[in-house]
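Enquirer: Below, each chain spelled out in residue letters.
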Amino acid sequence: MADQIADSVAASGSPDAASGSGPGSTSGPALPGGPAAGVRAVGRRRNRGRERGRAPWWVALLWLGPALLLIAGVVIYPAIELVRASVSHYSITGLRLGSAGGRNYSKVLEHPALNTVLKNTAVWVVAVVALTILISLALAQFLSKDFFGRKVVRWAIIVPWAASLVITARLFTLIYDYNYGILNHLLLSLHLISKPVDFLGDDRWTMISMVAVGVFVSIPFTAYVFLAGLNAIPTDVYEAARIDGARPWQVYWQVTLPLLRPAMLVASVLNIIYVFNSFPIVYTLNDRNPGYTHDTSITFMYKLAFKSADKDVGMSAAAGIFNVALILVVVLVYLRLVKWQESENR
Amino acid sequence: MATRRTAMLAVVAAAVVALSACAGGSGSKDSASKSGSGSGSVKSIKLVAAEYSKDNTAKFWNDFATKYKAKTGVTLDVQVVSWNDIDQTSSTMVQNNSAPDILNLNVYASYAKDNLLYSADDVLSGSVKSDLLPAFVKSGTYQGKMYGMPDLSSARALFYNKDLFTKAGIAAAPKTWDEFEADAKKLTALGNGTVGYAEPLGPEEAQAEFGIWLVNNGGDWKANGKWTINSDNNVETLSFLKKLAVDDKVTQNNPGKTNRTDGAFPLFASGKAGMVVGFSPLAATLDKDKKINYGVAPMPTKDGSAPQTYGVTDYLMAFKKNGNQDAVKAFYDLYYSPDEVNTFIKAEGFLPVTKSGLQQFSSNAGLKVYLDTLPNVHLTPTDDPTWDKVKLDVQQNIGTAVSPSGDPKKVLDSLQRNAEAGS
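Note that the protein sequences, when read in sequence, are chains A and B.
With my numbering, the residue at position 22 of the first sequence is 22, and numbering never jumps.
So the number in my numbering is just where the residue sits in the second sequence, counting from 1, plus 1000.
Treat each hint with caution, since some may be false.
What the simulated footprint calls covered on chain B by chain A, stretch by stretch (three residues with Cβ under 8 angstroms from a Cβ of chain A suffice, anywhere in the stretch; the number is not a length) [to be verified]:
#1 1082 to 1091
#2 1151 to 1157
#3 1245 to 1254
Since the hints were made in silico from the structure, they are not lab data.
Glycine residues also receive a C-beta, built at the ideal position from the N, C-alpha and C atoms.
Given these sequences and hints, build the entire structure.
Expert: Below, the structure is given as structure tokens:
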């Protein structure tokens, strides 16, 4: 599977493999489907275009119906409920007592732990995404080479992706454990430390330990995106670079990385969203720690509703709205920063 | 232009993903509980029960449902939920107007305050109510009416490892805090990772651990209708717990971040901890493993006065719905028949809540240390709806007081302030 995913992405992306279009016929990374497939698609599009105006609206609705129902049910309805909850006043039992106006929002903004939580969220997202991308770049480079046992290695890397996050996180609480953890056992027997480290309890270590797990589970997806990106880079640009006398490092810096830019963009935006919204890792690894010292805005939202003395669904819903707004702003700012438009129009 | 639109789509899609992830918890609906329309009686009622143990809880309630159906003709839908999730489950159900008919939880007063519950006058037979132990009737009573029906109880006591005591040259279980501290030091001095006292003040059950210590220093959560969380005695108690951890270093690492079931109990069960505050289910586990030679003693007190027992009881409460009153009453009648309630309590390894149960259990020598104290047990102030918040506040915050930089007085002051603001 692992091999096939990468290879099929590569096959469809690479002009060499797609349909024998020779070197020099494409510029930049080709779209999935390759040039030949692109021509076919245009043909199809034209045919469809001719018929479009004739289908009555109810036929269109018939086809769109299931999808629209699904979107209404699992996206729009919960979103409306979330907004409604955020302006409602709830008892600790969950009973709706009436309207709260903007009170839930102001209570969230005045919450004493808010600064800690926001700082944690920033550290968590930036550290996990940056490390994931750096490590995945190296890993993808390694995996794109042909070597004995590549299939096995590709498989091994996809495993953390396949496992449930809660299971992975629970497993890591056992690995990190102060008394029985295998990590402390290992470090002690290698004489790297003289007494065990409380990876999850020691305030200096908790965030580092969580970030390590976050990176571990984010690598598979990211590495595969980069791998597909690497396979899509035509060999002729490398040939050209070599003929011009570029050294390996220059080739990487001036050819590979710029051509990987679309993959990098996809990987970082999706990772920012995933990591920001990651609940199981932070919650599971941090569940023994009192207060909000290591909570991100997502676990903060959960604790507001069910674990803290506030135990207030309305306040939690307001925090949820803030979370959506926050991730939207972050993604927009990021896209603006990397000037994505330029790179895609090139 | 096309790319701009694609990007906007991507952003909207991202927002939608984030939004639906946030809404996940509040959107779940529960359709299993059907209350009859109009005033007719219901065909089925729903029970949401807390999971005391994987082996016994679901089994008991399923058997119970069969008997209940045979007796009344009404179906009992049973949903067993873990303690970790039950707060969330119950509040989501209430929020969605699909409360169960019967809920099993460790608090009830907020539900009574919101006028959601039947009182004992509505659903408990006189003979059943008079059989309940008075201490539990009192703790189940909110504003003069009983709403929380005790399902079982537990009392805490000091568990000590006899082999480690012998090795450290300690003759008997400590009776005062000074003795406790000295013994803990001797046990820790044995080395090899041994800790004197496994102290769990992490979020799981910190209120129970602190509770048993504070009643043995003449303190309490509430006295004469007023919160006394930051009383001098209580500050002294928490300071003592911090001293054990920070100055004496006779506890396990980071006691403020250690939970009971996945932290302190395993340490004791693996022979690494000399002492731990336990209850009868821990004894049942230890007896099954047969690895630890342990003794059970009353808790030591600050000044050597008579030991006080700290007890915990959980509750069954019934939600007011059209037409379910008779079915609920039949439920309680059956549950409190000695064969049912005592079978359940025995299987789970807890303590009885009825006079008849006390009699029945008194033949068990292993439970004597708890049973003798049960009628005068100190219970948490569950009859005050504010306790439901105080409990969460204690769980989430008291652990910070026993870290090296922790300030017991400040933590208790803050808990007291919040409690007063909430009542």
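Enquirer: So is the segment 1151 to 1157 of chain B in contact with chain A by the C-beta rule, three or more residues under 8 angstroms, or is the coverage claim wrong?
Expert: violated (count 0)
Enquirer: Examine the segment 1082 to 1091 of chain B for residues whose CB is less than 8 angstroms from any CB of chain A, and state whether their number is three or more.
Expert: holds (count 4)
Enquirer: Okay, the segment 1245 to 1254 of chain B and chain A, do three or more residues pass the C-beta test at under 8 angstroms?
Expert: Per the Cβ count (3), the hint holds.
In summary, the one numbered hint that this structure violates is 2.
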